[in-house]
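Start counting the sequence shown at 491; every next residue gets the next number (the working numbering).
The hints are simulated quantities; they were obtained by calculation from the structure and are not laboratory data.
No experiment lies behind these values; they were computed from the predicted model shown.
One or more of the hints may lead you astray.
Unchecked claim - Only pairs whose alpha carbons sit at most 16 Å apart, straight line, appear in this in silico EDC-like list of lysine to aspartate or glutamate:
#, residue 1, residue 2
1, LYS519, ASP543
2, LYS522, ASP542
3, LYS526, ASP543
4, LYS526, ASP542
5, LYS530, GLU502
6, LYS526, GLU502
7, LYS519, GLU502
8, LYS530, ASP542
9, LYS519, ASP498
10, LYS519, GLU500
11, LYS519, ASP535
12, LYS522, ASP557
Unchecked claim - Restraint-style ranges between C-beta atoms, simulated for each label pair:
#, residue 1, residue 2, range
13, MET503, TYR558, 16 to 26 Å
14, ALA559, ARG518, 12 to 22 Å
15, LYS526, TYR499, 26 to 36 Å
16, GLN507, ALA559, 15 to 25 Å
17, GLY555, TRP528, 14 to 24 Å
18, ASP535, GLU502, 28 to 38 Å
19, GLU561, ARG518, 38 to 48 Å
20, GLN507, SER562, 33 to 43 Å
21, ALA559, GLN506, 31 to 41 Å
22, TYR558, GLN507, 34 to 44 Å
23, MET531, PHE552, 17 to 27 Å
24, ASN560, MET503, 28 to 38 Å
Note that CB positions come from ideal geometry on N, CA and C, so glycine has one too.
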Amino acid sequence: MFSQELKDYEYEMLIQQGKITNMGEAVRKLNKEYFKIWMKMYYPDVSPQFLDDCYGYIFLAFWLGVDYANESKTK
Numbered sequence: 491m492f493s494q495e496l497k498d499y500e501y502e503m504l505i506q507q508g509k510i511t512n513m514g515e516a517v518r519k520l521n522k523e524y525f526k527i528w529m530k531m532y533y534p535d536v537s538p539q540f541l542d543d544c545y546g547y548i549f550l551a552f553w554l555g556v557d558y559a560n561e562s563k564t565k
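Using the sequences and the hints given, assemble the complete structure.
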């Protein structure tokens with residue numbers, strides 16, 4: 491969706507502006523912003539608070555799935 495060069499530039503800008511202290515935080519922040527932009531394109535009437543909540547649940551579900559997959563692999 492977005493080029494790697496653009497992402498790298500945005501990460502560096504966030505770090506230089508002092509908004510973010512490391513790359514992990516930058517990745518999380520930008521992914522959340524990209525998610526909001528994508529959702530607004532398809533669902534323009536959705537409130538920003540709902541998008542924040544949605545992102546939190548999707549992120550949680552993703553990591554629960556990763557944990558489940560890792561546990562299944564080790565058994």
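Between ALA559 and ARG518, does the beta-carbon spacing fit 12 to 22 Å?
-> At 21 Å between Cβs, range holds.
That 38 to 48 Å hint for GLU561 and ARG518 (C-beta), does it hold up?
-> violated, 24 Å
C-beta pair GLN507, SER562: status relative to the range 33 to 43 Å that was hinted = For GLN507 and SER562 the Cβ distance comes to about 41 Å; the hint holds.
16 Å Cα cutoff - pair LYS519, GLU502 = Holds, at roughly 13 Å.
With 15 to 25 Å as the target window, see if GLN507 and ALA559 comply at their CB atoms.
-> With a Cβ separation near 36 Å, GLN507 and ALA559 fall outside 15 to 25 Å, so the hint is violated.
Hint check for TYR499 and LYS526 - Cβ pair distance inside 26 to 36 Å = Hint violated: Cβ distance 19 Å, outside 26 to 36 Å.
Is it true that the CA of LYS522 sits at most 16 Å from the CA of ASP557?
-> violated, 21 Å
Is LYS530 close enough to GLU502, meaning Cα to Cα at most 16 Å?
-> Violated, at about 25 Å.
Satisfaction of the hinted span 14 to 24 Å by the C-beta atoms belonging to GLY555 and TRP528 = Taking Cβ atoms as reference, GLY555 and TRP528 lie about 20 Å apart, which means the hint holds.
Verdict for ALA559, GLN506 (Cβ pair) under range 31 to 41 Å = With Cβ atoms ~36 Å apart, the hint holds.
Mind checking the alpha carbons of LYS526 and ASP542 for me, to see if they're no more than 16 Å apart?
-> holds, 8 Å
Measure nothing beyond the straight line between the CA atoms of LYS526 and GLU502; if it is 16 Å or shorter, mark the hint as holding.
-> Not OK: LYS526 and GLU502 at ~21 Å, beyond 16 Å, violated.
The earlier numbered hints that this structure contradicts are 5, 6, 11, 12, 13, 15, 16 and 19.
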